[in-house]
Structure formats: structure tokens, C-alpha cells
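From first to last, the protein sequence lines stand for chains D, U, L and S.
0 is the number of the first residue of the first sequence in numbering that gives the first Met the number 0; add one for each residue after it.
0 is the number of the first residue of the second sequence in numbering that gives the first Met the number 0; add one for each residue after it.
0 is the number of the first residue of the third sequence in numbering that gives the first Met the number 0; add one for each residue after it.
0 is the number of the first residue of the fourth sequence in numbering that gives the first Met the number 0; add one for each residue after it.
I should point out that these hints are in silico values taken from the structure, not numbers from a laboratory.
Beta carbons are placed, not taken as given, at the ideal position from N, Cα and C, and that holds for glycine.
Among these hints, one or two may not hold up.
Covered stretches of chain D (in silico footprint by chain L; criterion: 3 or more residues with CB under 8 Å from a CB of chain L, positions within the stretch not fixed) [stated by the list, open to error]:
{"id": "1", "region": "34 to 40"}
{"id": "2", "region": "105 to 112"}
Calculated pairs, EDC-like style, for lysine to aspartate or glutamate (alpha carbon to alpha carbon, straight line, at most 20 Å) [unchecked claim]:
{"id": "3", "chain 1": "U", "residue 1": "Lys89", "chain 2": "S", "residue 2": "Glu141"}
{"id": "4", "chain 1": "U", "residue 1": "Lys89", "chain 2": "S", "residue 2": "Asp71"}
{"id": "5", "chain 1": "D", "residue 1": "Lys98", "chain 2": "L", "residue 2": "Glu109"}
{"id": "6", "chain 1": "D", "residue 1": "Lys98", "chain 2": "L", "residue 2": "Asp107"}
{"id": "7", "chain 1": "U", "residue 1": "Lys98", "chain 2": "S", "residue 2": "Glu12"}
In silico contact screen, one side only, chain L against chain S (beta carbon under 7 Å); selected entries [unchecked claim]:
{"id": "8", "residue": "Ile15"}
{"id": "9", "residue": "Arg27"}
{"id": "10", "residue": "Ile28"}
{"id": "11", "residue": "Thr35"}
{"id": "12", "residue": "Asp69"}
{"id": "13", "residue": "Trp97"}
{"id": "14", "residue": "Gly120"}
{"id": "15", "residue": "Phe135"}
Listed here are the chains, written in short residue letters.
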Amino acid sequence: MKQEIEIRLEKHGDITIFDIQGDVTVFSEPFFNKAYKSANDQGLSKIILKFYENAYINSGGIAVLIQLLAETKKNNQLISITGLSPHFQKIFNMVGISKFARIYSTPEEALANM
Amino acid sequence: MKQEIEIRLEKHGDITIFDIQGDVTVFSEPFFNKAYKSANDQGLSKIILKFYENAYINSGGIAVLIQLLAETKKNNQLISITGLSPHFQKIFNMVGISKFARIYSTPEEALANM
Amino acid sequence: MGTEKEVIQVLDEHTIEISLPNQLGYERIAMACSATFARIVGFSSERVEDLKTAVSEACINAMEHGNKNDPDARVVVNMHYEDRVFSVSVMDQGKGRWNSDECCEEPDIEKKIMNLQTPRGLGIFLIKNLVDQVEFNLTTSEGNMVRMIFKMTG
Amino acid sequence: MGTEKEVIQVLDEHTIEISLPNQLGYERIAMACSATFARIVGFSSERVEDLKTAVSEACINAMEHGNKNDPDARVVVNMHYEDRVFSVSVMDQGKGRWNSDECCEEPDIEKKIMNLQTPRGLGIFLIKNLVDQVEFNLTTSEGNMVRMIFKMTG
Ligand SMILES: Nc1ncnc2c1ncn2[C@@H]1O[C@H](COP(=O)(O)OP(=O)(O)O)[C@@H](O)[C@H]1O
Ligand SMILES: Nc1ncnc2c1ncn2[C@@H]1O[C@H](COP(=O)(O)OP(=O)(O)O)[C@@H](O)[C@H]1O
Numbered sequence: 000m001k002q003e004i005e006i007r008l009e010k011h012g013d014i015t016i017f018d019i020q021g022d023v024t025v026f027s028e029p030f031f032n033k034a035y036k037s038a039n040d041q042g043l044s045k046i047i048l049k050f051y052e053n054a055y056i057n058s059g060g061i062a063v064l065i066q067l068l069a070e071t072k073k074n075n076q077l078i079s080i081t082g083l084s085p086h087f088q089k090i091f092n093m094v095g096i097s098k099f100a101r102i103y104s105t106p107e108e109a110l111a112n113m
Numbered sequence: 000m001k002q003e004i005e006i007r008l009e010k011h012g013d014i015t016i017f018d019i020q021g022d023v024t025v026f027s028e029p030f031f032n033k034a035y036k037s038a039n040d041q042g043l044s045k046i047i048l049k050f051y052e053n054a055y056i057n058s059g060g061i062a063v064l065i066q067l068l069a070e071t072k073k074n075n076q077l078i079s080i081t082g083l084s085p086h087f088q089k090i091f092n093m094v095g096i097s098k099f100a101r102i103y104s105t106p107e108e109a110l111a112n113m
Numbered sequence: 000m001g002t003e004k005e006v007i008q009v010l011d012e013h014t015i016e017i018s019l020p021n022q023l024g025y026e027r028i029a030m031a032c033s034a035t036f037a038r039i040v041g042f043s044s045e046r047v048e049d050l051k052t053a054v055s056e057a058c059i060n061a062m063e064h065g066n067k068n069d070p071d072a073r074v075v076v077n078m079h080y081e082d083r084v085f086s087v088s089v090m091d092q093g094k095g096r097w098n099s100d101e102c103c104e105e106p107d108i109e110k111k112i113m114n115l116q117t118p119r120g121l122g123i124f125l126i127k128n129l130v131d132q133v134e135f136n137l138t139t140s141e142g143n144m145v146r147m148i149f150k151m152t153g
Numbered sequence: 000m001g002t003e004k005e006v007i008q009v010l011d012e013h014t015i016e017i018s019l020p021n022q023l024g025y026e027r028i029a030m031a032c033s034a035t036f037a038r039i040v041g042f043s044s045e046r047v048e049d050l051k052t053a054v055s056e057a058c059i060n061a062m063e064h065g066n067k068n069d070p071d072a073r074v075v076v077n078m079h080y081e082d083r084v085f086s087v088s089v090m091d092q093g094k095g096r097w098n099s100d101e102c103c104e105e106p107d108i109e110k111k112i113m114n115l116q117t118p119r120g121l122g123i124f125l126i127k128n129l130v131d132q133v134e135f136n137l138t139t140s141e142g143n144m145v146r147m148i149f150k151m152t153g
């Protein structure tokens with residue numbers, strides 16, 4: 000069984016975009032940890048999590064994102080989320096993620112507002 | 000169980016586009032018959048079958064298309080097919096449909112060449 | 000034991016059943032199956048998304064908790080549509096009884112962010128919020144069963 | 000009867016099984032299921048499309064011919080992936096034996112267009128052309144079974 004996720008990092012000034020392709024599940028934890036560490040090593044201050052409309056995100060994956068939000072909160076880093084389908088926007092509101100991360104439709108919109 | 004197909008007719012000079020939304024199966028026969036009759040009543044001479052990339056077409060639907068091709072052939076009418084996914088282009092070649100209908104990627108391309 | 004019910008499922012013309020290996024990731028197959036069924040009977044794409052997430056969470060729980068990740072266990076998903084009611088039952092082979100009301104603290108995002116609550120524990124919360132009705136305390140001869148109900152509206 | 004084989008299927012960790020009512024249209028559920036499974040194990044999207052069409056045609060034949068459109072009959076689809084081989088078996092409850100080589104004229108588009116051959120009769124042709132291997136002459140205790148094999152390449 001392939002658990003596929005790929006996170007590519009893109010720097011835009013002091014903002015790092017995590018370009019997240021694939022499934023966000025409990026198996027994604029090491030990928031997010033690695034991405035966060037490498038962004039931190041480069042002295043980031045802001046993060047955009049760029050999702051795609053057809054992403055599969057389950058509660059295990061949301062738990063991984065909550066851990067990331069906890070880290071950014073602790074380190075006083077701003078974090079935004081983009082590209083969620085209406086369904087996952089609803090889910091992220093339900094869980095309360097949207098209290099700790101601003102939700103934008105596109106990375107461009109997030110970049111302009113952070 | 001809903002067997003959903005909708006065929007809308009669009010006139011472009013002497014060409015009628017059949018805009019085919021939904022599943023092309025054995026249940027589509029009355030829809031194609033009706034569309035063909037109404038286009039004929041308006042004195043059409045050429046037809047474009049406009050499919051969509053995500054169409055579901057099975058062998059029962061292909062049989063319905065073959066009957067339509069047989070009619071157009073009998074009546075000396077030109078017929079083209081557009082919008083097929085690469086998979087269904089392959090299937091239509093396999094079955095030999097492409098010997099009796101020209102396959103184009105878009106209706107615009109078909110309109111320009113008929 | 001007052002709330003425990005033993006359930007027998009029949010495979011009639013309104014019923015689809017799928018049997019999966021107990022492998023994380025394979026919940027996607029149950030999602031695709033139930034989503035296609037629900038689309039055929041006419042659910043909106045919004046409701047289909049809700050269904051997919053609920054089915055996914057119930058299957059993952061069956062795999063992780065019910066079947067305790069045993070690769071030889073099975074997860075059986077039974078889908079039924081009749082009289083504008085779509086029901087999905089997810090069955091595991093876990094003998095351990097549990098009660099969704101007693102088992103878990105309500106998720107609290109503030110606590111989770113402050114590390115005062117585990118980041119996990121969202122599955123049952125999501126299911127409860129996405130379905131029209133759910134029963135967690137059902138048992139079959141094999142193990143646990145969760146039954147979720149989606150009603151056709153409009 | 001030389002080519003007839005009686006087959007018993009087991010549900011192991013490599014196997015997914017789905018049971019469908021005998022209703023045209025429900026083949027889409029088997030398609031979604033097998034497509035998701037094949038994607039998970041790594042088939043290309045081109046091969047997944049081939050698989051979907053082959054599964055669709057085998058299910059429709061099981062419904063129309065094997066089960067003679069009986070709404071109370073079932074179609075069971077068993078999917079197995081192991082050692083880079085994906086196999087799909089489609090079982091009906093039709094007792095009538097048939098032979099794919101003897102049963103049907105090879106489709107000929109010229110004849111079909113000239114009304115010299117039925118426009119139908121394409122299902123088995125498509126299956127043969129899309130799969131790596133297929134056996135039509137299998138039987139189970141219940142009825143007919145068609146087994147299609149897709150090999151992982153590259
Ligand atoms: N099928 C099941 N069998 C046994 N226990 C279960 C089952 N589903 C859920 N539970 C129990 O309910 C708890 C909460 O589940 P859930 O909200 O999905 O969060 P998580 O799976 O992250 O713990 C689980 O930790 C488990 O103890
Ligand atoms: N599962 C089956 N059980 C019995 N007969 C079958 C089955 N599948 C196919 N057949 C026979 O093979 C013939 C050809 O099938 P096919 O190529 O799919 O075309 P069609 O279904 O349009 O006739 C059918 O007409 C039927 O006689």
C-alpha cells in the first residue's frame with residue numbers, strides 16, 4: 000500500500016508555502032515534521048499550507064495539522080491555509096482549525112494578506 | 000435508479016451539435032432517437048456529437064451510437080465526435096467507430112473542418 | 000447492556016456490501032463505493048462529501064480500534080438505500096464493547112493546541128456532526144457495528 | 000466440459016469483495032471500487048480506465064445474461080492484488096453454461112453499419128482487448144464466473 004504525500008517548499012520573502020500533494024493522514028506526520036523543520040532552519044516566520052481541491056484529508060491527518068498549528072502558535076508564527084474544497088472548509092470550521100489559521104481560497108490571496 | 004442523460008441541440012448553420020451530458024448506455028437510445036429526429040425535422044445535414052471528458056460510455060451506449068451512425072450513413076449525413084477522453088478515443092478506434100465518424104478534440108475544431 | 004442490540008443484515012435488492020482487508024488506506028475503497036451508490040440514488044455532491052468522510056472515519060476506527068490493526072481481520076461495510084434513507088453500517092471483528100458517550104472527551108481545539116488534550120479523538124466527533132443519525136452501540140455476531148443514516152432532503 | 004473449472008474464492012488480506020443487487024447502473028459501484036483499489040496499488044490512470052471498462056462490461060453481462068435481469072439475483076465481484084497481478088472475478092447466479100469462443104460472432108463495424116449484424120455484441124470483444132488475460136469458462140457453486148487479469152508493468 001502506498002501512502003502518498005509530497006510536500007514541496009516554496010519561499011516567498013518571509014513566507015514559506017507548503018505545497019501539499021496527496022493524502023493527509025496519520026502517515027503524513029513525518030512529512031510535515033520534515034517540512035516544518037527545514038522551513039524553520041531557513042528562518043521562516045510565516046507559513047501557507049497549500050492544499051488541492053481533490054485532497055483526501057482524514058481525522059488522523061487533521062491531528063497532524065493540529066500538532067503543526069500548536070508548534071507555530073508556540074513559536075509565534077503566522078499560518079494560513081489555502082485551496083480547501085468547500086467540504087474541507089466546513090470540516091476545518093467544525094473542528095476549530097479556522098480559529099488558529101486563516102483560510103484563503105488561493106495562495107495568491109494568502110500572500111497578499113499575510 | 001436514475002439513468003441520466005441529457006442531449007441539448009445547438010444549431011451552427013447546417014451543423015447541429017448534440018451536447019451530451021451524462022451516461023451513454025442502452026438507456027440512451029430514446030434520447031438519441033429524439034435528438035436525431037428533431038435535428039432531421041429542421042433539415043440538418045451535419046452532426047457533431049459533443050461528449051465530455053468524464054462521460055461514462057458502455058458497450059450498450061456504443062451500440063446506440065452505431066445505430067445513429069448507420070442512420071446518418073444511410074441518409075448521407077456527415078457526423079463527427081468531439082470531447083472523448085483518451086480512453087474512449089482508444090475504445091472508439093478499437094470498435095471501428097472512427098471509420099464512420101471523424102474524431103476531433105473540440106467542437107470548434109470539428110466546426111472548422113466539416 | 001440495555002442499549003446493546005444484536006443485528007442481522009440481509010442482502011436484498013436495496014443493499015450493497017463490501018468486505019475489506021483490515022488495512023489503513025483501504026477505507027478509500029469503501030468511500031468510493033458508498034459515494035457512487037449515493038450519487039446514483041440522487042444525493043447532492045455536498046452530502047456525498049459528508050458521507051465519504053463519515054464512512055472513512057468509521058472504517059478507520061474499525062481497523063484501528065475494533066480490529067486492533069490485525070491484518071487478518073476484515074471490515075464489512077453494508078449500504079442500504081430505501082424510502083429516501085441511506086444507511087451505512089460498518090462492522091469490525093472487535094469483541095471489546097465500547098460506548099461512544101462514555102469513551103471520549105469532547106474535542107476542544109484550544110486544549111489541543113495547548114497540548115492539554117490529544118490531537119486525535121476527532122473521528123466520532125466528525126461522524127456525529129456529518130450524519131443525520133448514528134448508532135455506535137450495535138453488535139453483530141462478529142463484533143462491533145456502527146450504523147450511520149443519511150436522509151434525502153428536498 | 001473439459002475447460003470447466005470449479006472455483007472457490009477466499010477472502011484474504013489481498014482480497015476485496017463486493018456484492019451488488021442485479022440492477023443495471025450498479026456496475027458503476029464495482030467500477031469505482033476496483034478503480035480505487037487499482038490506484039492504491041499503483042496502476043497508471045490509463046490502465047485504471049481499461050480496468051473500469053472491463054469490469055463494467057463483465058458486470059453488465061452478469062446482470063443481463065447470467066442473472067437474466069432477475070432483480071433478486073446478486074452479482075459478486077472479487078478483486079485480488081498480489082505479486083503485481085490484479086485479478087477481478089465477476090460472478091453471477093446464472094446456471095446456463097456458455098462459451099465465449101462459440102457464443103458470438105466477432106464484431107464487424109462495416110456489417111453493423113449495414114444492418115447485417117446486431118449493433119450489440121461488443122462487451123466480450125472489449126474485455127478481450129483491454130485485459131492482459133481473461134477466462135470466461137469458469138463456474139462457481141452459484142453460477143458463471145469471468146476472471147480478468149491485469150499485470151503491473153514498468
Ligand atoms: N470500532 C471501534 N471499536 C472499539 N472502539 C472504538 C471504535 N471506534 C472508536 N472507538 C473508541 O473511541 C475512541 C475515539 O475514536 P475517534 O473519535 O475516532 O478518535 P481516535 O480514533 O483518534 O481515537 C477511540 O480511541 C476508541 O477508544
Ligand atoms: N455472464 C454471462 N452468462 C451467460 N451468457 C453470457 C454472459 N456474458 C456473456 N454472455 C453471452 O455472450 C454474448 C455476448 O456478450 P457481449 O459481447 O457482452 O454482447 P451483448 O451483451 O451485447 O450481447 C451474450 O449475448 C450472451 O449470450
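For each hint, the structure was consulted:
1. 34 to 40: With 0 residues close enough to chain L, the hint is violated.
2. 105 to 112: violated (count 0)
3. U:Lys89 with S:Glu141: 35 Å, violated
4. U:Lys89 with S:Asp71: 36 Å, violated
5. D:Lys98 with L:Glu109: 9 Å, holds
6. D:Lys98 with L:Asp107: Answer holds: D:Lys98 to L:Asp107 is near 12 Å, not above 20 Å.
7. U:Lys98 with S:Glu12: 46 Å, violated
8. Ile15: Check passed: Cβ of L:Ile15 comes within 6 Å of chain S, closer than 7 Å.
9. Arg27: 5 Å, holds
10. Ile28: 5 Å, holds
11. Thr35: 4 Å, holds
12. Asp69: Check failed: Cβ of L:Asp69 comes no nearer than 10 Å to chain S, outside 7 Å.
13. Trp97: At 25 Å from the nearest chain S Cβ, L:Trp97 fails the 7 Å test, so the hint is violated.
14. Gly120: The hint is violated - L:Gly120 has no Cβ within 7 Å of chain S, the shortest such distance being about 26 Å.
15. Phe135: Cβ of L:Phe135 sits 25 Å from chain S, so the hint is violated.
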